[in-house]
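Take a look at the letters that make up each chain.
Protein chains: 4
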Amino acid sequence: MEDKVVRFSVSLPESLLKKLDEKTLDKGYTSRSELIRDFIRELIIEEKWEKDEEVVGVLVMIYDHHRRGLSEKMLEVQHSRVHNILCTTHVHLDHDSCLETIVIKGKPDLIEEMVTKIAGLKGVKFAKLVKTALV
Amino acid sequence: MEDKVVRFSVSLPESLLKKLDEKTLDKGYTSRSELIRDFIRELIIEEKWEKDEEVVGVLVMIYDHHRRGLSEKMLEVQHSRVHNILCTTHVHLDHDSCLETIVIKGKPDLIEEMVTKIAGLKGVKFAKLVKTALV
Amino acid sequence: MEDKVVRFSVSLPESLLKKLDEKTLDKGYTSRSELIRDFIRELIIEEKWEKDEEVVGVLVMIYDHHRRGLSEKMLEVQHSRVHNILCTTHVHLDHDSCLETIVIKGKPDLIEEMVTKIAGLKGVKFAKLVKTALV
Amino acid sequence: MEDKVVRFSVSLPESLLKKLDEKTLDKGYTSRSELIRDFIRELIIEEKWEKDEEVVGVLVMIYDHHRRGLSEKMLEVQHSRVHNILCTTHVHLDHDSCLETIVIKGKPDLIEEMVTKIAGLKGVKFAKLVKTALV
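Residue numbers (the numbering used here), protein chains in the order written: chain A, 136 to 270; chain B, 136 to 270; chain C, 136 to 270; chain D, 136 to 270.
Check the hints yourself; a few may be wrong.
The list makes no distinction among identical chains, and a pair is therefore deemed to hold if it is satisfied within one copy or across any two copies.
[As the list claims (entries may be wrong)] DSSO-like mimics (lysine-lysine), calculated; alpha carbons at most 27 Å apart, straight line:
{"id": "1", "residue 1": "208", "residue 2": "183"}
{"id": "2", "residue 1": "186", "residue 2": "208"}
{"id": "3", "residue 1": "257", "residue 2": "208"}
{"id": "4", "residue 1": "183", "residue 2": "242"}
Since the hints were derived computationally from the structure, they do not count as laboratory data.
All chains should be built: construct the whole structure from the sequences, respecting the hints.
If you want it as structure tokens, here you go:
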């Protein structure tokens, strides 16, 4: 799909434009357009999650790897949805705790159901889902 | 202060522009510019709260008005900062519960300190601060 | 409805209990129980909004009162749902800007629809909804 | 460090306890204590980020890998802080877009500075930071 670049213009009070330029710099953007584009992308991602379209979620969690049976249960949940899991990464934070990120692709309901199942497991000490999508 | 209206232009992929127009309609905005302006205002408000400028906070809370001494304690906290409180509104939700909104103007630290003091009072069942500012 | 006070016990690592006590103090709570109760109430409010039960919303907004026709349009939206609006408060922030809080009771969808209608009006510069409920 | 398990008791209205048990089930927790423990951990993580203690951040981002020079710039930012980066994971989402997670350990300011630098790069279409910590 070709997606040609177009332009549109925004009218606004001069004071707002000045602030926009400050924020563009502060946030490390190379141009106002880049900042506006990212804002639009966020709106689109939000909508995809609401309207039940295909999205991508990244579950970040920390768990106690000494907890007996936890790894097995986590793998079990993941294997029930093996086609939705794109990738898993594991980091040893200290002697007891591991951090894991799981990248999941699919419908919002399915992703949230998996996250609930994993987050509630005994030994999981932190779990947060980042909601994103192809935009 | 006169704040004349200016224009700037944004370049972006056509697909993003299409989505922006959809969101403008969905959110009930009359134009793209209006949506973009509100987005910039949110960035400014965020910055004012971070940079310790003068801001406005609205504390929304629900409390049990039967709790002995609660009203007195709430008034006490408010009177210690009487110049910062612009307005208080009180609604009877049911036989036991009242909802109150308190509009506070001042530095972020001062507002957050007041909110902590009030939110922790025995009998306060819900407290949330809306962070806004003159923009 | 009588709602008698009961007790339950929580088991946790000693380090977590120590931190809980620190946070109880920091946040101005008079007891651990009070902090835990507020946490449970937040879960309940979240659930009521998800499950389409009767809830309470507080819309906080800032608008330019010079904008011709804005007040009329805002009143129009409100009058279409007059039984749901418990109270409106108005504060003059400066020569141009007003802050208004609108307390709305009803089903989540109805509240969100009203908020979208008002937030999108030309001249409304900030709008945020606080989601709460009787708990 | 031994961290022995202790108990404390919470008093609350019976209706709140009933709701807590419902939420414990809904969220897939095996016990009330587990839910309360996770809530306390969240408070601790929040505090560590505020008080400038050592924390862990996970940056999730999506970018266009065709953008010339982007990978080099991203690597450059990362190499300037090589001791803080625990792990990076890369997933190909489609022909154009990659998702990357970067696990960063260090002081909050350092992590947020890196995130700002990377998020602003031309070609980065989404960036969100998950704030966590060893708890």
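Structure-based check of each hint:
no. : hint         : verdict
1   : 208 with 183 : neither (30 Å within a copy, 30 Å between copies)
2   : 186 with 208 : neither (30 Å within a copy, 29 Å between copies)
3   : 257 with 208 : within (10 Å within a copy, 40 Å between copies)
4   : 183 with 242 : both (9 Å within a copy, 23 Å between copies)
In terms of the numbered hints stated before, the structure departs from hints 1 and 2, listed from lowest to highest.
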